[in-house]
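Participant: If you read the sequences in order, they're chains A and B.
Taking this note's numbering, I'd label the letters of the first sequence as residues 239 to 631.
Taking this note's numbering, I'd label the letters of the second sequence as residues 150 to 339.
Mixed in with the good hints there might be a few duds.
[Said to hold, decoys possible] As a list, the in silico EDC-like pairs of lysine to aspartate or glutamate whose alpha-carbon atoms are at most 20 Å apart:
| hint | chain 1 | residue 1 | chain 2 | residue 2 |
| --- | --- | --- | --- | --- |
| 1 | B | Lys316 | B | Asp175 |
| 2 | B | Lys237 | A | Asp598 |
| 3 | A | Lys426 | B | Asp175 |
| 4 | A | Lys520 | B | Asp218 |
| 5 | A | Lys575 | A | Asp516 |
| 6 | B | Lys237 | A | Glu602 |
| 7 | A | Lys460 | A | Glu602 |
| 8 | B | Lys314 | A | Glu243 |
| 9 | A | Lys586 | A | Asp598 |
| 10 | B | Lys307 | A | Glu243 |
| 11 | B | Lys316 | A | Asp367 |
| 12 | B | Lys182 | A | Asp516 |
| 13 | B | Lys240 | A | Glu602 |
| 14 | A | Lys520 | B | Asp175 |
| 15 | B | Lys182 | A | Glu605 |
| 16 | B | Lys316 | A | Glu243 |
| 17 | A | Lys520 | A | Glu622 |
[To be verified] Residues from chain B shown here face chain A by an in silico Cβ test under 7 Å; the list is partial:
| hint | residue |
| --- | --- |
| 18 | Leu171 |
| 19 | Gly181 |
| 20 | Gln185 |
| 21 | Tyr268 |
These aren't lab readings, by the way, just hints derived from the structure by calculation.
A virtual CB, placed ideally from N, CA and C, is assigned to each residue, including glycine.
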Amino acid sequence: MAIRERLSGNEAVAIAMRQINPDVMAAFPITPSTEIPQYFSTFVANGQVDTEFVPVESEHSAMSACVGSEAAGARTLTATSSCGLALMWEELYIAASCRLPIALACVNRALSGPININCDHSDSMGARDSGWIQIYSENNQEAYDNFVQAYRIAEHKDVRLPIMICQDGFITSHAVENINLLEDKEVKDFVGEYNPQEYLLNQDHSMAVGPYDIPAYYMEHKKQQAVAMENAKQVILDVAAEFEKISGRKYGLFETYKLDDAECAIVIINSAAGTAKDAVDKLRAEGKKVGLLKIRVFRPFPAKEIAEALKNVKVLAVMDRCEGFSSQGGPLGAEVKSALYTAGSTTKVVDYIYGIGGRDVRVENIEEVYGALFDILATGNIGETYRYLSLRD
Amino acid sequence: MSNVLEIRWHGRGGQGAKTASLLLADVAFNTGKYVQGFPEYGPERMGAPITAYNRISDDPIRVHSNIYDPEFVVVVDETLLECVDVTKGLKKDGAIVINSAKTPDEIRPLLKGYEGRVYTVDARKISVAALGKYFPNSPMLAAIVKVTGIMDDESFLKEMEGSYKHKFASKPEVIEGNMNALRMSLQEVK
């Protein structure tokens, strides 16, 4: 039985964590993810979970503690944002290369500087090459659902990689909205027991974790990581299909909205996708053929599937909530253009930097993007391909 | 989209405008609606102007922007009229509710020509009478519920009693005072 509730995105993720009842949480508070370990430590204090909560003195230590406990064989998680994720950088790569299926709730916030506490995706996008699976969430419901699915993906024997579940700081983390929760037992049964194949506390099979890797084997180990990441794609779909059976909610690698016959479309991530859907509906009511593709899974990047979904689109805007300083656009733009080029696409593509440092994204702003795409469609002239949305004069 | 009721709150840090917006989301949720309650975050300090928002709808809400053209505005602190454009974008067929001892006719000249409905309620007087302290958010919450008509007085009071019992579980002595503040405000908003 679904439980009708109203929760902020942070509360929703904390409840998913309670229902999962992991072995260890190590965390250090940082805005806007602070509430997650705060709520969770209350669950620990009240005896609602039997998790060992490790209050560390920095995010560097938080991820180090996660690496240690996960390697020992304990199901482990943490939460962070912005500079907290940046301070974990070194250990993110270690967690991934040690094949430790840690789960991390990332509440997206701008990286300093200038110092700013509001939403953009520069934190998780900066970690995109660390070897973590990255799944993004439009709202509190998706943040909750994605977290419930996280361990089934990360711990799968064909994957065994750490996983990051991202949502927009403040915009969804601090907004109270309707949500449907699963019963505790449904989540517990869905997630299941953690039975790692190899772990440090296995006295029958001693092993070393994280030793020096020599040039003779380093590349082979990296290739194994890459294969595991590729494998994650199918596992993510399989887990989503099972999740749909208990929740009625359908998830894929990405979501398309009115894309089938769209001439002009955008690719977008997280909360602004909801705002953009309202813009699509407004323009559709005026007879304009517009649609969108919302990224759910950014790592592994579903390049072929995205190219296929966008094959009929004539003009496309990729929306990057993160600067890349490539003078061509942001990281999502680079991925999407690479996917389209490889597929031999002739779709015209512009990249928009938008919403960084918490700049508000309105329905009207997205309509403006579609307007610019129709200008390109009408004139055939693409103009500047690297643009800023809602920039002050 | 068009059937979404949008409300904007103006307050000062520490007055509870954010809490009031979340409580309003709570009570609307309990009537079966889809809701959003969220503050606009920045480097807040006690006393600095803050903004919070509500959306209330019969259908799921997808938009995640701030609110620019609200149906209703609540001003939790009268001194904000001097420094914040509180009626900006406020729809003419909407209304503004201001915490003030003045009458609506006395306060209208301060509203930069706003032509819609103007309501006032003396949340300071009510709060001090009911709670012995100045917490304007409970009276302002009752006033906006009355003005918007999103639910009748009795259902509202019943919902709020439940919310306060939860919110003030560790200090139940303040529940009755807050309930009285709500009742007085429902009567006195004009």
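Participant: Next step is simple, just say for each hint if it's right about the structure.
Facilitator: Comparing the hints with the structure gives:
1. Using a Cα cut-off of 20 Å, the hinted pair Lys316(B) and Asp175(B) holds, with the two alpha carbons roughly 12 Å apart.
2. Restraint check: the Cα-Cα separation between Lys237(B) and Asp598(A) comes to about 17 Å, which is no more than 20 Å; the hinted pair holds.
3. The straight-line distance between the Cα atoms of Lys426(A) and Asp175(B) is roughly 28 Å, outside the 20 Å bound, and the hint therefore fails.
4. Of the pairs offered as hints, the one joining Lys520(A) and Asp218(B) holds, with about 17 Å between alpha carbons and a cut-off of 20 Å not exceeded.
5. Between the alpha carbons of Lys575(A) and Asp516(A) the distance comes to roughly 25 Å, so the proposed pair goes past 20 Å and is violated.
6. Between Lys237(B) and Glu602(A) the CA atoms are separated by roughly 17 Å; this keeps the pair inside 20 Å, and the hint holds.
7. At roughly 45 Å between alpha-carbon atoms, Lys460(A) and Glu602(A) are farther apart than 20 Å, so this suggested pair is violated.
8. Using a Cα cut-off of 20 Å, the hinted pair Lys314(B) and Glu243(A) holds, with the two alpha carbons roughly 18 Å apart.
9. Using a Cα cut-off of 20 Å, the hinted pair Lys586(A) and Asp598(A) is violated, with the two alpha carbons roughly 27 Å apart.
10. For the proposed pair Lys307(B) and Glu243(A), the alpha carbon gap of about 18 Å is at most 20 Å, so the pair holds.
11. This hinted pair does not check out: Lys316(B) and Asp367(A) have alpha carbons roughly 43 Å apart, beyond 20 Å.
12. The suggested pairing of Lys182(B) with Asp516(A) holds, with an alpha-carbon distance near 19 Å, which does not exceed 20 Å.
13. The suggested pairing of Lys240(B) with Glu602(A) holds, with an alpha-carbon distance near 18 Å, which does not exceed 20 Å.
14. Taking the CA atoms of Lys520(A) and Asp175(B), the gap is about 29 Å. The hint is violated against a cut of 20 Å.
15. About 28 Å separates the Cα atoms of Lys182(B) and Glu605(A), which puts this hinted pair outside 20 Å; it is violated.
16. With a CA separation close to 16 Å, the supplied pair Lys316(B) and Glu243(A) stays within the 20 Å bound.
17. Between Lys520(A) and Glu622(A) the alpha-carbon distance is near 26 Å, which puts this suggested pair outside the 20 Å criterion.
18. Here the hint on Leu171(B) is kept, as its CB sits about 5 Å from the closest CB of chain A, short of 7 Å.
19. Taking 7 Å as the C-beta cut-off, the interface hint given for Gly181(B) is violated, the closest approach to chain A being about 9 Å.
20. For Gln185(B), the interface hint holds, the least distance from its beta-carbon to any beta-carbon of chain A being 5 Å, beneath 7 Å.
21. Checking Tyr268(B) against chain A: minimum C-beta separation of about 25 Å lies over 7 Å; hint violated.
Consistency with the previously given hints fails for numbers 3, 5, 7, 9, 11, 14, 15, 17, 19, 21, ordered from lowest to highest.
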